[in-house]
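Peer 1: Sequence:
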Amino acid sequence: MFKLPDLPSSQAEVHELADFVELLCWVRGSTSKREVVAYLGRVDDNDNNIGCDDNEDGNSDFLDEVMNEIERRVFACGVGYPFQLDLEGTVLRYNMNDDGERSIIYLYLLLSTRLNMTKNRVHERIDGTSLFEEVCAHVLKNYLGKTRAKALVFGTAVTESFQDKIKALCEQLCEGSGYKNPDVMPSVDRDGKLDVVAWVPFTDRRAGQLIVFSQCKTGTNWKDHVAQLNPGAFVQKWIDGTIAVTPVRSFCVTEACDQSRWNSACIDAGILLDRCRLVDFCDNIDPTLLSNVNRWTTAAKSHVVSKMAW
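Residues in the sequence shown are numbered from 30 upward in steps of one, following this note's numbering.
Hint data in this document are derived by calculation from the structure and do not stem from the laboratory.
You may find that some hints are simply not true.
[What the hints assert, rightly or not] Pairs of lysine to aspartate or glutamate residues, derived as EDC-like cross-links and limited to a Cα-Cα distance of at most 20 Å, are as follows:
hint, residue 1, residue 2
1, K196, D212
2, K330, E153
3, K194, D220
4, K62, E94
5, K194, D212
6, K62, D90
7, K62, D115
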């Protein structure tokens with residue numbers, strides 16, 4: 030997988046190269062298909078092909094797929110996509126004057142996909158992975174209907190025990206009566222793989238409501254984790270009393286997912302919110318959260334640029 034500050038490999042997939050084009054455009058202000066080919070070493074200065082089909086049409090067709098993916102992102106994000114593709118689909122330009130919340134969130138998600146978020150998640154003393162859970166909570170609330178829906182971050186409250194977090198969750202949901210441990214030995218679990226909970230309560234506060242349990246992953250190594258959270262098993266295992274309707278499973282990722290594998294990813298993950306879907310529902314984000322996202326992104330970008338050899 031393509032990780033900054035390195036270049037993508039010659040085996041990079043379309044969605045990876047689309048990220049590279051966006052990053053190159055963000056740093057340089059604009060980029061073209063020809064410049065991308067040169068950077069990746071797919072053709073040399075004399076148009077001799079390297080590591081690709083032995084004809085110019087093969088190179089052009091492949092970069093067309095990448096530009097088509099960028100065009101798809103323009104559509105999927107709605108307004109606020111931070112780049113502009115020209116009418117010919119060959120040149121991408123960075124909208125540097127767009128400081129709207131959608132643009133800020135997109136660039137944060139782009140960087141937190143391509144950085145190594147195990148080693149480089151903290152910038153400006155802000156943890157980028159924790160930010161992502163907060164962003165996902167906001168997005169899920171918007172998705173369920175911001176005027177009535179509620180959401181909370183479950184997984185990062187390190188000051189609370191797992192038992193306390195379960196108890197607080199039951200109180201807010203008005204369902205379940207608290208924590209239970211199915212085993213004789215004390216549990217060492219911290220979050221049960223649950224990161225964010227969103228729900229739509231009724232005024233009567235009775236059981237039987239739409240609840241969403243979501244797991245959130247930055248980076249690109251999320252595919253092996255999509256089946257870790259099982260809402261029904263979570264409720265049965267950790268919650269005393271009754272949750273009348275089994276929560277719906279969701280999975281949030283910073284990556285703009287590979288469209289050729291989208292359907293199978295949704296089957297495995299539940300309601301899948303990738304980068305473009307998150308941007309599509311990020312409106313009216315808390316100003317403090319947005320400020321922290323912007324600070325993290327600015328510092329992370331500076332870190333990447335200082336390490337780049339391209």
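Peer 1: Now look at each hint and say whether the structure bears it out.
Peer 2: Taking the hints in turn, this is what the structure says about them:
1. Under the criterion of a C-alpha separation no larger than 20 Å, the hint pairing K196 with D212 is consistent with the structure, at around 18 Å.
2. Taking the CA atoms of K330 and E153, the gap is about 12 Å. The hint holds against a cut of 20 Å.
3. The suggested pairing of K194 with D220 holds, with an alpha-carbon distance near 8 Å, which does not exceed 20 Å.
4. About 11 Å separates the Cα atoms of K62 and E94, which keeps this hinted pair within 20 Å; it holds.
5. Taking the CA atoms of K194 and D212, the gap is near 18 Å; set against the 20 Å cutoff, the hint holds.
6. Our distance criterion of 20 Å between C-alpha atoms is met by K62 and D90, whose separation comes to about 11 Å.
7. With a C-alpha separation of about 11 Å, the suggested pairing of K62 with D115 holds against the 20 Å cut-off.
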